[in-house]
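Visitor: Please model the complete structure; the sequences and the hints are all you need to start from.
Chains A and B are the protein sequences, given in the same order. The first sequence begins at 1 in this note's numbering and counts up one residue at a time. The second sequence begins at 1 in this note's numbering and counts up one residue at a time.
Simulated from the structure, these hints should not be mistaken for laboratory data. Take these hints with a grain of salt, some might be off.
[Stated by the list, open to error] Lysine to any residue pairs mimicking SDA-like chemistry, simulated, CA-CA at most 20 angstroms apart:
no.: 1; chain 1: B; residue 1: Lys206; chain 2: A; residue 2: Asp133
no.: 2; chain 1: B; residue 1: Lys151; chain 2: A; residue 2: Thr82
no.: 3; chain 1: A; residue 1: Lys185; chain 2: A; residue 2: His117
no.: 4; chain 1: B; residue 1: Lys151; chain 2: A; residue 2: His117
All of these numbers come straight from a predicted model, not from anything done at the bench.
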Amino acid sequence: MIMEGRRAFGFLLTIVIIFAIAPLMAILFYTFIKEGHVDISQFSRMFTHDRIWKTLGNSMVLGIFVIIGTTIIALPMAFIRTKTSLYQYEWLDIVLTIPFMTPPYIGSMGWILFMQHNGFLQQLIPSAAWMTDSFFSLFGMVVIMSLHLFPFLYLMLKNTLLRINGSFLDAALIFGRSSLQNWLKVVLPLLLSSYVLGSLLIFIKTLAEFGTPATFGSRIGFQVFTTEIHSYLSRWPVDIRMATSLSLFLLSVCLVIWYFQNLIGRKYTYGVLSGKTPARRELKDKWYIRTASWTFVGLVLLLSIGIPYFSIIVTSLQKVRGDGLQAGNFSLASYQEVFTSGSAGLTAFLNSIVFSIMTALITAIIGLFIALYIKKGETRKQQILDFFSLMPNIIPGIVFVVGLIMFWNAPWLPATIYNTKAMVIVTYCVLFLPYSVQYIKSSFSQLDASIFQSAAIFGRSNIAVYRRIILPLLMQGILTGMMMTFIISMRELVAGLLILPPSVETGATFIYSQFEQGNVGIGMAVAVITVLMTVIFMFLLGWLQKRGGQANA
Amino acid sequence: MKKRHFKFWATAGILLALALAGCGNKEAKETNEASAKTQEEKVLTVYSAGPDGLAANIQQAFEEKTGIKVEMFQGTTGKILSRLEAEKNNPVADIVVLASVASMDGLKATDQLQSYEAAKNKDKINSDWSDQDGYFYGYSASALGIAYNTKNTTQAPTDWSDLAKADWQNKMNIPDPSLSGSAVDFLFGYTAAEKTAWSTIDSWKKNGLQVNGANKEALDAVITGEKNATIAGVDYMAYKAKADGEPVEIIYPTSGTVVSPRAVGILKDAQHVESAQAYVDFLLSDEGQKLVADAYLLPGNKDIAVKNRAALDEIPQLTVDWMGAEAKQLEVLTKFTDLFR
Numbered sequence: 001m002i003m004e005g006r007r008a009f010g011f012l013l014t015i016v017i018i019f020a021i022a023p024l025m026a027i028l029f030y031t032f033i034k035e036g037h038v039d040i041s042q043f044s045r046m047f048t049h050d051r052i053w054k055t056l057g058n059s060m061v062l063g064i065f066v067i068i069g070t071t072i073i074a075l076p077m078a079f080i081r082t083k084t085s086l087y088q089y090e091w092l093d094i095v096l097t098i099p100f101m102t103p104p105y106i107g108s109m110g111w112i113l114f115m116q117h118n119g120f121l122q123q124l125i126p127s128a129a130w131m132t133d134s135f136f137s138l139f140g141m142v143v144i145m146s147l148h149l150f151p152f153l154y155l156m157l158k159n160t161l162l163r164i165n166g167s168f169l170d171a172a173l174i175f176g177r178s179s180l181q182n183w184l185k186v187v188l189p190l191l192l193s194s195y196v197l198g199s200l201l202i203f204i205k206t207l208a209e210f211g212t213p214a215t216f217g218s219r220i221g222f223q224v225f226t227t228e229i230h231s232y233l234s235r236w237p238v239d240i241r242m243a244t245s246l247s248l249f250l251l252s253v254c255l256v257i258w259y260f261q262n263l264i265g266r267k268y269t270y271g272v273l274s275g276k277t278p279a280r281r282e283l284k285d286k287w288y289i290r291t292a293s294w295t296f297v298g299l300v301l302l303l304s305i306g307i308p309y310f311s312i313i314v315t316s317l318q319k320v321r322g323d324g325l326q327a328g329n330f331s332l333a334s335y336q337e338v339f340t341s342g343s344a345g346l347t348a349f350l351n352s353i354v355f356s357i358m359t360a361l362i363t364a365i366i367g368l369f370i371a372l373y374i375k376k377g378e379t380r381k382q383q384i385l386d387f388f389s390l391m392p393n394i395i396p397g398i399v400f401v402v403g404l405i406m407f408w409n410a411p412w413l414p415a416t417i418y419n420t421k422a423m424v425i426v427t428y429c430v431l432f433l434p435y436s437v438q439y440i441k442s443s444f445s446q447l448d449a450s451i452f453q454s455a456a457i458f459g460r461s462n463i464a465v466y467r468r469i470i471l472p473l474l475m476q477g478i479l480t481g482m483m484m485t486f487i488i489s490m491r492e493l494v495a496g497l498l499i500l501p502p503s504v505e506t507g508a509t510f511i512y513s514q515f516e517q518g519n520v521g522i523g524m525a526v527a528v529i530t531v532l533m534t535v536i537f538m539f540l541l542g543w544l545q546k547r548g549g550q551a552n553a
Numbered sequence: 001m002k003k004r005h006f007k008f009w010a011t012a013g014i015l016l017a018l019a020l021a022g023c024g025n026k027e028a029k030e031t032n033e034a035s036a037k038t039q040e041e042k043v044l045t046v047y048s049a050g051p052d053g054l055a056a057n058i059q060q061a062f063e064e065k066t067g068i069k070v071e072m073f074q075g076t077t078g079k080i081l082s083r084l085e086a087e088k089n090n091p092v093a094d095i096v097v098l099a100s101v102a103s104m105d106g107l108k109a110t111d112q113l114q115s116y117e118a119a120k121n122k123d124k125i126n127s128d129w130s131d132q133d134g135y136f137y138g139y140s141a142s143a144l145g146i147a148y149n150t151k152n153t154t155q156a157p158t159d160w161s162d163l164a165k166a167d168w169q170n171k172m173n174i175p176d177p178s179l180s181g182s183a184v185d186f187l188f189g190y191t192a193a194e195k196t197a198w199s200t201i202d203s204w205k206k207n208g209l210q211v212n213g214a215n216k217e218a219l220d221a222v223i224t225g226e227k228n229a230t231i232a233g234v235d236y237m238a239y240k241a242k243a244d245g246e247p248v249e250i251i252y253p254t255s256g257t258v259v260s261p262r263a264v265g266i267l268k269d270a271q272h273v274e275s276a277q278a279y280v281d282f283l284l285s286d287e288g289q290k291l292v293a294d295a296y297l298l299p300g301n302k303d304i305a306v307k308n309r310a311a312l313d314e315i316p317q318l319t320v321d322w323m324g325a326e327a328k329q330l331e332v333l334t335k336f337t338d339l340f341r
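Guide: Here is the structure:
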């Protein structure tokens, strides 16, 4: 069959190496080699700074608290969505993923505008002034990040609970334990492994997060790895070697966590997926369970969507920001300015769209080839390629960005894409390739071997098999992957901040720079437009997934 | 059979790779070609730490006047310096505009600039802000003052020491000097000229001074009423906000403040030297200087009238020598960040 054998492997590996591995090598090289000699003084210099230990401490503390925060939100939510009558509202799942799809820097800007001294909260409820001081602390940062990341953990827990629901509990019931014991001995242990995996992923995501620390964290003086790397690269005095050293350190921390995650994953994964589809039973709740569930869901939605979106929208509509919330202080002037043809905001937004579409297309093509080669990951080579292509998922984006800058500026390169728009697309492709690989792979894993066998029997040529049978069957996975890539590329901030060529801005960098230097109202207007488009795409995505059944559970 | 399909896919794959690489190379080639035919098709790459609006206006006016196409990268002084550092191996920028003369002087000291002594109008430009040998020209400046919210302030401050009073407790901020070139200039100039400066800064800290992002972020906190005053606020932003109807006013402390010049220079590795020189000429010309004044900045040419703001001689100034100041600025910055970390 095609996409097998050595040549295909070598070819795919070359692509992955040039685009994903070389940048990491460049970081290693830049950190340890100075004028042709191995020099570890750079790396060890890093550890003599108090600053690095403080940064490490901050990142770890933040990671742990965010795990706790997301658990508090995600665990009850997962139970509510599986064990109470709320299970039937499928739309809740889409709404609940909106916080994760909202660009994190926009979310935290919304929170800052809402909570700050004389912010919207104090204008609405003057007596709530005491909350401001307690919110602008580590606590507030954990709240914002937990509200952003919880959908991730929630979906993992919910899917596990759905699977346990059926036969396991029936069996436990038949063998006559009390319901409390059933819970302790059956459900909890089964849930635990997926909880640990999910929370480690949350930890890695927290370490890799740039948007919230850059906006909210800088406000409260809370530095983490990503912001430190960014500041060594963009603040005076510039220290590039320090940035690469820190990147290397962050990379190692993430790889260690990822290793543990694999270890746990392999040891404690139980086959909860049996052939039988869990039967749905009618659920009838007591009124107080119902009320409590709806209250909880409402509260989470209010905090994760309501407040940040309220602030963004109001700010984009304000005429004089110093006048606050007052009748007559609202106008569509910011939007008018954005939609004037050739305005900086509109150009930036359109740039984002072009970059994102290109990225979605290219990653879909490469992802398709890689997925076709990897199949179910049975041979060693397939596993290697699988590992490399999913690697950008566990390595923080900023590390790749630093590496890409170093690599494409290397003096020995005959030609470079640095300072061109192609650089942006290449960076996005490296960062977001895992999404399309994952979605296409999961689509592929649902194809039964019998499809290939019958196709072979009926004597079609290989190309025809692929064109007529496999591609159409994979199409849903490809499209879902493309949409996902598109949404994620639209919100990418740190790559844009560091690699955009002159005269080019993306929506994300535009919004960020308006907050830093320019007109916040216009920045927020672009934010509203971005977010609106994201939400529309998400509902399209939901519709697409539903059409294909349980394709990507 | 098998082998043939191999070949098919291998070729398809290679084509894909070429197409991908082509994406990059094509554009790279375009820039190369573009630079090859500078003479016919004039382009210029500018890295500017100017206020957004001004940089865009200058770009537009310059393009209309000369027909030279400008590629503009805007960022803070820090971002531009780091970009220059990262691109050392394949430089693209021709012109650099920084919000700090000390950093500009640092670029000159490390041999990254080229001299343009024949600049037109250079005699009219403030010589304190410019390099003697023509490596850079201080085409504009901002004065640093205390910007305060007029709605929430009953008594306006008059001097730096006022902000150590209880009225201002927890109600003031300062732009982060590692992000804002002008804030570094302020700290450097203030601590060099005033003996009591560090103790005043310490008293601000005790009174709850917050370090608050870049210039606009700090001023924004005052506009929305989160804080009441910004120390070392750049005045042109305050004037601009005031003109937009926001409740903001700026004062210059009576004991004197720092005027932070912004300078333009031509990079040594510039590929479009002629266009670059035209750009410098344009910035120093009366037309360019008027655009500067329209953005509420102080023009480098004193003869150009300022607009709705205090003129240079109305501002009580501390005397500061910017040349060779970069190393000392770094010391001040470190001391400040240690104090506030």
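Visitor: Give a verdict on every hint.
Guide: Do the hints match the structure? See the list:
no.	hint	result
1	B:Lys206 - A:Asp133	holds (17 angstroms)
2	B:Lys151 - A:Thr82	violated (53 angstroms)
3	A:Lys185 - A:His117	violated (49 angstroms)
4	B:Lys151 - A:His117	holds (14 angstroms)
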